[in-house]
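K.L.:
Chains as they are written, first to last, in the working numbering: chain R, 1 to 112; chain D, 1 to 114.
Honestly, I wouldn't trust all of these hints.
[As the list claims (entries may be wrong)] Okay, derived cross-link-like pairs now, DSS-like style, lysine-lysine, Cα gap no bigger than 25 Å in a straight line:
#, chain 1, residue 1, chain 2, residue 2
1, R, K112, D, K43
2, R, K112, R, K79
3, D, K58, D, K76
4, D, K43, R, K79
5, R, K55, D, K58
If you're looking for bench data, these hints aren't it; they were derived computationally from the structure. Since the model is a prediction, treat every value here as computed from it, not as a measurement.
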Amino acid sequence: DVVMTQSPVSLPVTLGQPASISCRSSQSLVNSAGNTLLNWFQQRPGQSPRRLIYKVSDRDSGVPDRFSGSGSGTDFTLKITRVEAEDVAVYYCMQSAHWPWTFGQGTRVEIK
Amino acid sequence: EVQLVESGGGLVQPGGSLRLSCAASGFSFSNSWMTWVRQTPGKGLEWVASINEDGSDKYYVDSVKGRFTFSRDNTKNALYLQMNGLRGDDTAVYYCARGWGAIWGQGTMVTVSS
Numbered sequence: 001d002v003v004m005t006q007s008p009v010s011l012p013v014t015l016g017q018p019a020s021i022s023c024r025s026s027q028s029l030v031n032s033a034g035n036t037l038l039n040w041f042q043q044r045p046g047q048s049p050r051r052l053i054y055k056v057s058d059r060d061s062g063v064p065d066r067f068s069g070s071g072s073g074t075d076f077t078l079k080i081t082r083v084e085a086e087d088v089a090v091y092y093c094m095q096s097a098h099w100p101w102t103f104g105q106g107t108r109v110e111i112k
Numbered sequence: 001e002v003q004l005v006e007s008g009g010g011l012v013q014p015g016g017s018l019r020l021s022c023a024a025s026g027f028s029f030s031n032s033w034m035t036w037v038r039q040t041p042g043k044g045l046e047w048v049a050s051i052n053e054d055g056s057d058k059y060y061v062d063s064v065k066g067r068f069t070f071s072r073d074n075t076k077n078a079l080y081l082q083m084n085g086l087r088g089d090d091t092a093v094y095y096c097a098r099g100w101g102a103i104w105g106q107g108t109m110v111t112v113s114s
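Let the sequences and hints guide you as you build the complete structure.
P.N.:
Following this line, the structure appears as structure tokens:
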């Protein structure tokens with residue numbers, strides 16, 4: 001199975017400051033069609049997960065442009081340019097390139 | 001409105017069975033891969049199973065193979081997860097989702113305990 005490793009586990013951030021979350025996979029996430037299938041999810045307290053980013057860098061409809069995804073191969077990053085109070089959540093990466101799909105362990109973003 | 005609504009969760013004894021349902025609306029259900037993901041209390045997310053558009057292709061995480069069956073009825077815009085031989089480590093909130101997680105339901109809690 002593809003192991004997804006996120007860092008850090010916890011990320012205290014000052015409001016208005018940037019935040020960056022790393023996600024590394026144990027093997028390439030390029031599928032047979034040549035697409036890199038790495039997704040990012042946000043789960044606010046008490047809510048269902050919500051997808052923010054798919055295929056490394058494509059933002060879902062309605063997602064603020066302060067969220068961006070980047071990376072290639074086995075090394076990926078989710079960035080928030082200026083953290084707002086509503087961004088307090090746990091963030092997960094997930095690969096859908098290989099069965100079984102696997103998630104990272106999550107990164108908790110909190111306000112300092 | 002785009003929506004997924006799960007139902008069927010509850011308390012069941014070890015070795016018992018449950019059938020989860022997921023009702024879809026507001027999008028092209030019959031043209032969508034669909035997925036179940038679970039989340040143990042206070043823990044992370046685990047992909048459980050996915051099914052293709054017409055139900056002919058299914059994938060499962062190893063821990064549920066042979067015990068869980070994923071099916072769909074495109075005439076009713078509905079998904080089903082038949083769970084047999086339930087174990088304590090199946091205790092979780094079960095979410096249905098569209099494809100790679102573009103849309104999620106609110107989840108239904110399954111508790112396996114004597």
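K.L.:
Next step is simple, just say for each hint if it's right about the structure.
P.N.:
Hints, verified against the model:
1. R:K112 <-> D:K43: OK: K112 of chain R and K43 of chain D at ~23 Å, within 25 Å.
2. R:K112 <-> R:K79: At roughly 17 Å apart (the allowed maximum being 25 Å), K79 of chain R and K112 of chain R satisfy the hint.
3. D:K58 <-> D:K76: holds (19 Å)
4. D:K43 <-> R:K79: holds (23 Å)
5. R:K55 <-> D:K58: holds (22 Å)
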